[in-house]
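Could you build the full structure based on these sequences and the hints that come with them?
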Amino acid sequence: MTKKRDKQRDQSIRQARHERREGARKARQAERKQQQQASPPNVKFTSVFGPEILEACGPQLFCEWGVAAATADALQKAGRAIPSPVAGTLLLDTGATRTCIALQTATDLGLQPTRMQDGLGAAGRHRNPVFLARLVIRITDPVTNLTHSFAWEQEVEGISELHTFAAPLMLQGQRVPVSGLLGRDILRHARIHYDGPAGRMRFEFDVTSIQSQPSR
Amino acid sequence: METTTEYPKLEREQNAFDAQLDEMMLEHEGEYVLFRGEKPVAFFPTYNEAYQAGLDEFGLDEVYIISEVKRRDQYATSVTWAAGAV
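So the sequence lines, in the order shown, correspond to chains A and B.
Here the working numbering is used: the first residue of the first sequence is 1, the next is one more, and so on.
Here the working numbering is used: the first residue of the second sequence is 1, the next is one more, and so on.
Fair warning: there could be bad hints in the mix.
[To be verified] With a Cα cut of at most 20 Å, we get these calculated SDA-like pairs of lysine to any residue:
id : chain 1 : residue 1 : chain 2 : residue 2
1  : B       : K70       : A       : R17
2  : A       : K77       : B       : E62
3  : B       : K70       : A       : P51
4  : B       : K39       : A       : Q213
5  : A       : K77       : B       : D61
6  : A       : K77       : B       : E57
7  : A       : K77       : B       : K70
8  : A       : K77       : B       : Q52
9  : B       : K70       : A       : G23
10 : B       : K70       : A       : A16
[As the list claims (entries may be wrong)] Just so you have them, the derived chain B footprint on chain A, three or more residues with Cβ under 8 Å:
id : stretch
11 : 88-100
12 : 112-119
Because the hints were derived from the structure by calculation, they are not lab data.
Ideal Cβ positions, reconstructed from N, Cα and C, are used throughout, including at glycine.
This is the structure we're talking about:
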């Protein structure tokens with residue numbers, strides 16, 4: 001009798017777990033579908049740095065960091081100012097597991113960390129704060145003269161002193177600090193051609209894929 | 001373990017989260033948890049729902065965790081950054 005009751009209980013626990021997972025899967029699928037409907041097609045562009053700058057600074061993209069839409073809504077409801085986006089560059093880093101934000105940029109935006117991530121860094125084992133942020137990549141293609149931009153929200157890991165480690169690009173005589181690393185969680189949605197002798201990079205981002213599978 | 005900057009409250013929450021991860025995995029693997037007061041508050045099917053619930057329940061300034069219930073790797077954040085060669 002007891003065995004039969006135990007068996008029935010186990011079955012109902014398994015059933016409940018299955019239903020929860022199925023519910024989560026369906027909700028994620030619906031969220032992805034909703035995001036895909038509003039997404040632009042693939043974005044392709046060429047960045048011309050020149051061989052010396054590409055060697056010295058590495059492949060960098062101009063970007064803007066901002067707060068997530070839900071945070072902006074909450075700030076607005078609370079009668080607080082929404083921080084202006086912070087401009088900078090992203091250094092393409094195939095050695096980075098995750099996309100990172102310079103801690104100074106996260107602080108400037110007033111981002112609150114949502115968890116900590118264990119990992120390895122310049123000083124050995126460490127824990128970095130993780131933030132939900134909005135990221136915009138904006139670039140004018142020198143060949144077609146068309147400006148492309150696309151945005152998404154994802155978890156990013158805060159790392160310290162990034163702007164002092166990485167060589168900044170110059171734009172109209174102004175230093176633009178490196179404010180993030182474009183890691184493999186984004187690069188998995190991109191095709192990139194590095195032309196060292198010509199000092200040129202060709203990028204193709206699958207924006208739909210980036211927006212529908214943001215790093216969490 | 002070194003922390004890049006000081007987030008003592010979040011560290012406490014994260015330690016509690018890590019200690020309870022195996023237990024949460026049994027029933028809630030793949031879901032997203034809102035975790036505060038060193039215990040799970042609620043589980044959600046998507047990150048955005050968990051994040052919104054955190055804002056609705058605790059506002060903009062309280063410390064809490066939003067995370068998928070999963071085991072995460074502990075590899076280098078960035079090999080070049082880790083080596084100081086960025």
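Here is how each hint holds up against the structure:
For the hint pairing K70 of chain B with R17 of chain A, the CA-to-CA distance comes to about 15 Å; that is within 20 Å, so the pair holds. The hinted pair formed by K77 of chain A and E62 of chain B meets the criterion: a straight-line CA distance of about 16 Å does not exceed 20 Å. For the given pair, K70 of chain B sits about 43 Å from P51 of chain A by alpha-carbon distance, which is inconsistent with the 20 Å threshold. About 28 Å separates the Cα atoms of K39 of chain B and Q213 of chain A, which puts this hinted pair outside 20 Å; it is violated.
A hinted pair counts as satisfied when its Cα atoms are at most 20 Å apart, and K77 of chain A with D61 of chain B qualifies at roughly 14 Å. Using a Cα cut-off of 20 Å, the hinted pair K77 of chain A and E57 of chain B holds, with the two alpha carbons roughly 14 Å apart. Taking the CA atoms of K77 of chain A and K70 of chain B, the gap is about 33 Å. The hint is violated against a cut of 20 Å. Proximity of K77 of chain A to Q52 of chain B is assessed by CA-CA distance (about 13 Å); at most 20 Å being required, the pair is judged to hold.
Between K70 of chain B and G23 of chain A the alpha-carbon distance is near 17 Å, which keeps this suggested pair within the 20 Å criterion. Of the pairs offered as hints, the one joining K70 of chain B and A16 of chain A holds, with about 19 Å between alpha carbons and a cut-off of 20 Å not exceeded. For the stretch 88-100 of chain A, the proposed coverage by chain B is satisfied: 7 residues have a C-beta within less than 8 Å of a C-beta in that chain, meeting the threshold of three. A stretch counts as covered by a chain when three or more of its residues have a beta carbon under 8 Å from one of that chain; for the stretch 112-119 of chain A and chain B the count is 8, and the coverage holds.
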